[in-house]
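*Asks:* Listed here are the chains, written in short residue letters.
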Amino acid sequence: MILEVRNLARRFGGVWAVRNVSFSVEEGEIVGVIGPNGAGKTTLVNLITGQLRPSEGQVMIDGRDVTGQRPWAIAHDCVARTFQIVKPFRGLTVRENVATGAMHGSRRDRTVREAMATADRLLELVGISHRASAAPAELSVADARRLELAKALATRPRLLFIDEVMAGLRPPEIDAATGLIHRLRDAGITIVAIEHVMKAIRSISDRIIVLHQGSILVSGTPDEVLADRRVIEVYLGHRFAQRQT
Amino acid sequence: MTQFLQALAYGAVQGGLLALVAVGFSLVWGVMNVINLSHGALAVTGAYVAWLLNLHFGLDPFLAIPFVGVTLFAIGYVIQRGLINLVINAPIFLTLLLTFGLSLVVLNALQLAFKSDDRTIDTSYASQSFVIGVVNIPYGRLAACLLAVAITVGLAAVMTRTRLGHAISATGMDRGAARLMGIRARHIYAVTFGISAALAGIAGTMIATVGSFNPTTTPGQLTLDAFVISVLGGLGNMYGALVGGFVLGVAETVGGLLLTGTWVNAIAMAVLIVTLIIRPSGLIGKAQFSGRVEV
Amino acid sequence: MSTETASLAALLEGRRGSRNEQVTEWLRSRTLANSWGAAALVALFAAMLGLEQVIEPGTMRLLSAVFMFVALAQGWNIIGGFTGYASFGQVAFFGIGAYTTAVLMNNYHASFWIAMPAAIVGGVLFAVLIGLPLLRLRGHYFAIATLGAAEGAREVVNNMTPITGGGLGITIPTFGSQAPTAYFGKPGFYLAFLLLATASVALSAVLARSRFGYAMVAVHEDEAAAGALGINTTTVKVVAFAVSAAIVACAGALYAFQQIEFYPTDVFDSSFTVLMVIMVVIGGSGSVVGPLVGAAGLELLSQYLRINLGTYNQLIFGAIVVAVVVFFPQGVVNFVRDAWRSRRLSLLDNIRRYRL
Chain A
1 MILEVRNLAR
11 RFGGVWAVRN
21 VSFSVEEGEI
31 VGVIGPNGAG
41 KTTLVNLITG
51 QLRPSEGQVM
61 IDGRDVTGQR
71 PWAIAHDCVA
81 RTFQIVKPFR
91 GLTVRENVAT
101 GAMHGSRRDR
111 TVREAMATAD
121 RLLELVGISH
131 RASAAPAELS
141 VADARRLELA
151 KALATRPRLL
161 FIDEVMAGLR
171 PPEIDAATGL
181 IHRLRDAGIT
191 IVAIEHVMKA
201 IRSISDRIIV
211 LHQGSILVSG
221 TPDEVLADRR
231 VIEVYLGHRF
241 AQRQT
Chain B
1 MTQFLQALAY
11 GAVQGGLLAL
21 VAVGFSLVWG
31 VMNVINLSHG
41 ALAVTGAYVA
51 WLLNLHFGLD
61 PFLAIPFVGV
71 TLFAIGYVIQ
81 RGLINLVINA
91 PIFLTLLLTF
101 GLSLVVLNAL
111 QLAFKSDDRT
121 IDTSYASQSF
131 VIGVVNIPYG
141 RLAACLLAVA
151 ITVGLAAVMT
161 RTRLGHAISA
171 TGMDRGAARL
181 MGIRARHIYA
191 VTFGISAALA
201 GIAGTMIATV
211 GSFNPTTTPG
221 QLTLDAFVIS
231 VLGGLGNMYG
241 ALVGGFVLGV
251 AETVGGLLLT
261 GTWVNAIAMA
271 VLIVTLIIRP
281 SGLIGKAQFS
291 GRVEV
Chain C
1 MSTETASLAA
11 LLEGRRGSRN
21 EQVTEWLRSR
31 TLANSWGAAA
41 LVALFAAMLG
51 LEQVIEPGTM
61 RLLSAVFMFV
71 ALAQGWNIIG
81 GFTGYASFGQ
91 VAFFGIGAYT
101 TAVLMNNYHA
111 SFWIAMPAAI
121 VGGVLFAVLI
131 GLPLLRLRGH
141 YFAIATLGAA
151 EGAREVVNNM
161 TPITGGGLGI
171 TIPTFGSQAP
181 TAYFGKPGFY
191 LAFLLLATAS
201 VALSAVLARS
211 RFGYAMVAVH
221 EDEAAAGALG
231 INTTTVKVVA
241 FAVSAAIVAC
251 AGALYAFQQI
261 EFYPTDVFDS
271 SFTVLMVIMV
281 VIGGSGSVVG
291 PLVGAAGLEL
301 LSQYLRINLG
311 TYNQLIFGAI
321 VVAVVVFFPQ
331 GVVNFVRDAW
341 RSRRLSLLDN
351 IRRYRL
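Residue numbers (this note's numbering), protein chains in the order written: chain A, 1 to 245; chain B, 1 to 295; chain C, 1 to 356.
In case anyone wonders, no lab produced these hints; they're calculated from the structure. Remember, it's a predicted structure, so these values are computed and weren't measured experimentally. No residue lacks a Cβ here, since even glycine has one placed at the ideal position from N, Cα and C. Accuracy of the hints is not assured; some may be wrong.
Quick list of simulated restraints, FRET-style, between CB atoms [stated by the list, open to error]: (1) B/His-56 / C/Val-128: 40 to 48 Å; (2) B/Leu-146 / A/Ala-73: 44 to 52 Å; (3) B/Gly-82 / C/Arg-136: 34 to 42 Å; (4) A/Pro-36 / C/Thr-3: 40 to 48 Å.
Here's a subset of chain C near chain B, in silico, CB distances under 10 Å, partners left out [as the list claims (entries may be wrong)]: (5) Leu-147; (6) Ala-149; (7) Val-280.
Computed from the model, here is a short list of chain C residues facing chain A with C-beta under 8 Å [claimed, not checked]: (8) Ser-210; (9) Asp-222; (10) Ala-225; (11) Ile-231.
Given these sequences and hints, build the entire structure.
*Replies:* As structure tokens, then:
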């Protein structure tokens, strides 16, 4: 198990954003995480990757307890994530953005020059090498997502969390992204994908976990989960669920 | 014990005055995210206006307040509309530098016009005091303090109950949205700064009645005090400025009793830093416009 | 696995070159990227050195002040410009550097060559001490907190009368057998400040292109994203703060020796900090050349005004600061760079940039 989460919980004042969440991820899997808005998906990622401290529970990576570690320590444990609202370094070029990850992440490049070379190869992989010298502000939405992904990849992760990368993409772009994710898995990266775009999540995931109000509602194969009455109810309401099943 | 009570009373009264110095500063910072380093200079300008009126027309400083207020309001309006609005979207430092340069200009202009001598405005009643129990409170200081409190409360009322006040608050919270609703942001900013300048000028006048002022050291001291009180009370928070003013006033006088030398200032700074770390939104409640703390 | 995937997998493994490879790589990157800048700096240094032979002592003193401000500005730029944590308490390090030097030389008859490193260490220690709690604050709050720390430091020094002489000031013995180190004299200080200025520019340039430099910029732009990429933001901030403190403390040490006699209010004067900030912002913050240009330009301007305009000098200075902020908000260096790039020189555009 590359990742194991036990009874993870986080409260903000009186509200439990995440509660009693337990699951595990095997190396080489692609796990989808879905749920309505406010279900706690991004909070879950923040808890695992160190942006937030859990109120309860444990996070184990390769069997080691990493609960509550700072984000950079998690990054050095070969875990990376993208941010839902992309966070490029606006004062640096696209290439420099990625290189910063390559020179500071796990198994980092030793020199700035090497990092730039790594950056170039990653930009080519995600498909924005023609924009390498541009400023991030000039990128389109799809390209900005690609940059965000390239930055995360630059830290050479074995486990990658991608947070709603498909939002706002047109169908051809979604297909390209799906293909890329499959190639990443083939190259040895375990992926946990938070998504709203059902078509995409269905085609990439081996398994899907459904979050609702901070807890796991159901988990299983895409077909099982998406036909589950509770899932339909949570997304589309009680009456629709009744009619469907 | 008597000494302690005296210091407490004195500090509290002083605090009201300090609050008036700070409330305009805090308003501008909270609404427009501008740290006005020329605030003290504007206060001293107000003091000079009152001093001149007193010198040439024998006008009592408390009666001079409307004149000072209007004059400084006009000056403030023009400064904001003509200068600060030009760099309002830039990183914080530019407004800091702009106001710093402005303060240099104003300070030196005052210095050239009036020389660096200490000035004060004497009134017959200021030095007399009345006694409560064992505590001695000078009339002048008390009047200044009460006026300061009244003005602060009045300002808070304006902010919460008038259209103008609502416009200012709205612009402070979300300029874009405010503009979409027909609020003329440039004008509102200028009005806000004008109010702040007027308050500074009035505070300067009060300070002139209870003590002395000069164009070289007073402005810097006042600006620093305004800084500290604004942070203690929370940005843009009128009542917070009052609280902060009292805290600082009492701390300074009581501290002066207990500690020798200038350890007082060191302690004040330590308190400030600790407050910032533990409770950056100020000692009382939430700062109204604490959303933007980016440089 | 397709070749593409295989190469991706290899990329993810990370190349680990041998030591030799790494060193040659490092050397190559130095010479190629930085040759122009380094050459320019060396030329400037040589020019300033040569200038010493032909100018009068008064001008030497003036230029020494310019060099000192260049160093101070570069120091501030590291924490304020690159890392984005605008410290308003830099003068604390200046004062600590000055007083450490003075106390060691006066009370313990230490040589200047021992006192100066000690001053630097003192500055760094203080930076770490206040940096760890304060660097958690952002923006304005960090600015005020550091301002408070500087004021506090002054008061502490003011009150440690038995050691520092408190409000009565402190004097460094410089005559005859009393002096632990012979006084440098104007040419000596000229050279010393020139070296410090050059070293600070060089250090800034090296940092800017290094891994640490990218880390600083990343922390400035987005701390959360920086952390997610493996950058220890706390370490970066504290180290940047300490480096900037070291430069400023060193300047303070030299200043103390130069002045011989001073009071706490002289070396803990907040207007030093404001000047540092102005110089960097006007020159162009976050760049290597910006602080150099800003410091040199502003200090020369300030001295010129003082000499030629007497009483009006501060007023004109203030007016010029206002004018530069309005017309060149991004800093003169960046303005020139942008104008060069787009072949357009438009002040009007510049004014419109940030206005409401």
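*Asks:* It remains to establish, for every hint, whether it holds in the given structure.
*Replies:* Against the structure, the hints come out as follows:
no., hint, verdict
1, B/His-56 / C/Val-128: 40 to 48 Å, "violated (58 Å)"
2, B/Leu-146 / A/Ala-73: 44 to 52 Å, "violated (57 Å)"
3, B/Gly-82 / C/Arg-136: 34 to 42 Å, "holds (38 Å)"
4, A/Pro-36 / C/Thr-3: 40 to 48 Å, "holds (42 Å)"
5, Leu-147, "holds (8 Å)"
6, Ala-149, "holds (6 Å)"
7, Val-280, "holds (9 Å)"
8, Ser-210, "holds (7 Å)"
9, Asp-222, "holds (5 Å)"
10, Ala-225, "holds (4 Å)"
11, Ile-231, "holds (5 Å)"
Hint compliance for this structure: hints 1, 2 are broken, all remaining hints hold.
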